[in-house]
Amino acid sequence: MTPMELTGSLGIVGYGLGAIGPGIGVGLIFASVIQGTARQPEARGAMMGTAWIGFAVTEALAIIGIALAFVFGGL
Amino acid sequence: MSAFLSGLVPLETETEGFEAPGVHSFDVPPLFESVPWFDKYMLQAIISVILILAFWLIMARKNAMVPSKGQYIGETAYFFVRNTIARDMIGHDFRRYLPLLIALFSFVLVNNIFGVFPLSLLPTPSHVGWPYGLAIMVWVIYNGVGIATHGPFGYLRHATLPSGVPAFMWPLIIPLEFVSNIIVRPITLSLRLFANMFAGHLLVLVFVLGGEYLLLHSESIINKTAGVVALIFSMAIFGLEIFVQSLQAFIFTVLTAQYISSAAAEEH
Numbered sequence: 001m002t003p004m005e006l007t008g009s010l011g012i013v014g015y016g017l018g019a020i021g022p023g024i025g026v027g028l029i030f031a032s033v034i035q036g037t038a039r040q041p042e043a044r045g046a047m048m049g050t051a052w053i054g055f056a057v058t059e060a061l062a063i064i065g066i067a068l069a070f071v072f073g074g075l
Numbered sequence: 001m002s003a004f005l006s007g008l009v010p011l012e013t014e015t016e017g018f019e020a021p022g023v024h025s026f027d028v029p030p031l032f033e034s035v036p037w038f039d040k041y042m043l044q045a046i047i048s049v050i051l052i053l054a055f056w057l058i059m060a061r062k063n064a065m066v067p068s069k070g071q072y073i074g075e076t077a078y079f080f081v082r083n084t085i086a087r088d089m090i091g092h093d094f095r096r097y098l099p100l101l102i103a104l105f106s107f108v109l110v111n112n113i114f115g116v117f118p119l120s121l122l123p124t125p126s127h128v129g130w131p132y133g134l135a136i137m138v139w140v141i142y143n144g145v146g147i148a149t150h151g152p153f154g155y156l157r158h159a160t161l162p163s164g165v166p167a168f169m170w171p172l173i174i175p176l177e178f179v180s181n182i183i184v185r186p187i188t189l190s191l192r193l194f195a196n197m198f199a200g201h202l203l204v205l206v207f208v209l210g211g212e213y214l215l216l217h218s219e220s221i222i223n224k225t226a227g228v229v230a231l232i233f234s235m236a237i238f239g240l241e242i243f244v245q246s247l248q249a250f251i252f253t254v255l256t257a258q259y260i261s262s263a264a265a266e267e268h
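Each protein sequence line maps, in turn, to chains X and D.
The first sequence: position 33 = 33 (the working numbering), numbered continuously.
The second sequence: position 107 = 107 (the working numbering), numbered continuously.
One or more hints might be untrue.
What the hints assert, rightly or not - Each computed SDA-like pair below joins lysine to any residue, with the alpha-carbon atoms no more than 25 Å apart: (1) D/Lys40 <-> X/Leu68; (2) D/Lys40 <-> D/Leu205; (3) D/Lys40 <-> X/Glu42; (4) D/Lys224 <-> D/Leu205.
As the list claims (entries may be wrong) - If you want a taste of the chain X side facing chain D, the calculated C-beta under 7 Å gives, among others: (5) Ile53; (6) Ile63; (7) Ile64; (8) Val71.
Claimed, not checked - If you anchor each label on the Cβ, the simulated ranges turn out as follows: (9) X/Thr37 <-> D/Gly22: 37 to 43 Å; (10) X/Gly45 <-> D/Gln258: 16 to 22 Å; (11) D/Pro99 <-> X/Val13: 42 to 48 Å; (12) D/Phe178 <-> X/Pro41: 39 to 45 Å.
Think of the hints as simulated: they come from the structure by calculation, not from any bench.
Every residue, glycine too, gets a C-beta built ideally from N, C-alpha and C.
So that you can see chain X by itself, here it is in the shape it has in the complex (with noise of 0.2 Å):
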């Protein structure tokens, strides 16, 4: 048996590298959000519905990874 040997699913690991990006872009989407609001109450409207478009958008990404990870990992 060869020392130093690590089993397990190569495919959920993809996935945590796959979440950084969408995790920070939502992060950036919604503190743009924030900001805009707390200079322009009047303008949330309109801004909550671009962002969360642009939510689903990015969170595409991490939804793909995990999904994709269950179809090439296998659990």
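Given the structure of chain X, go ahead and fit chain D onto it with the hints provided.
Showing chain D alone in chain X's frame:
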């Protein structure tokens, strides 16, 4: 002392009988043995089409000036798609694409909500064929709109070459924009819907199956308490799933409108 400590033993020793949910949880058998393609997904899709047709036909019929409650609900849904999605995204000739957007929004929303509806509990787009079909249809439509507006070579030039790009960057920009606009868009559109439904349903399965296993098939009291907490928290996950499913239906329609609008846009 050791009896007390054995109650705090971590879960690795007690989960031999637990079958974790995975890709295999989505394999449903066909409803009738003789018809192999008619399974639960197909039945849900057919029921959703019947429901949507009935809803919109009833909405289109009774038109009082002072709306009743049922008419108000239908009008709210119609105005939501028309104002927020069609008019803001496409511009002044949105009426040609409004039936498509309403049908897409209704179909994706009803099939997503089947994931939390008590009688079905399986979101139809969690089988990857359904988002693929919808995305292929949207791809054909927005490319068709672009070709009808600009002509085939004009549309390719419009899609792959933004205005104001210097000539020495063309070998870099054109393949990149071609792959991004024409090849990657249907892939991400379908995978976004599929992966959200797949991952959300898997999350619900983990909480419910894990909570049930911990509650009923394990011995120590700490595991049973964790099972109760998991089952209660799965209700919160159902709420999250309702939100994610509605959001994904909205996003699919908004992106379809966005692709149609950017394909049909005139040069400034």
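Here is what the structure says about each hint:
{"no.": "1", "hint": "D/Lys40 <-> X/Leu68", "verdict": "holds (23 Å)"}
{"no.": "2", "hint": "D/Lys40 <-> D/Leu205", "verdict": "holds (17 Å)"}
{"no.": "3", "hint": "D/Lys40 <-> X/Glu42", "verdict": "violated (47 Å)"}
{"no.": "4", "hint": "D/Lys224 <-> D/Leu205", "verdict": "holds (18 Å)"}
{"no.": "5", "hint": "Ile53", "verdict": "holds (6 Å)"}
{"no.": "6", "hint": "Ile63", "verdict": "holds (4 Å)"}
{"no.": "7", "hint": "Ile64", "verdict": "holds (5 Å)"}
{"no.": "8", "hint": "Val71", "verdict": "holds (6 Å)"}
{"no.": "9", "hint": "X/Thr37 <-> D/Gly22: 37 to 43 Å", "verdict": "holds (41 Å)"}
{"no.": "10", "hint": "X/Gly45 <-> D/Gln258: 16 to 22 Å", "verdict": "holds (20 Å)"}
{"no.": "11", "hint": "D/Pro99 <-> X/Val13: 42 to 48 Å", "verdict": "holds (46 Å)"}
{"no.": "12", "hint": "D/Phe178 <-> X/Pro41: 39 to 45 Å", "verdict": "holds (43 Å)"}
Checked against the numbered hints above, the structure breaks only hint 3 and satisfies the rest.
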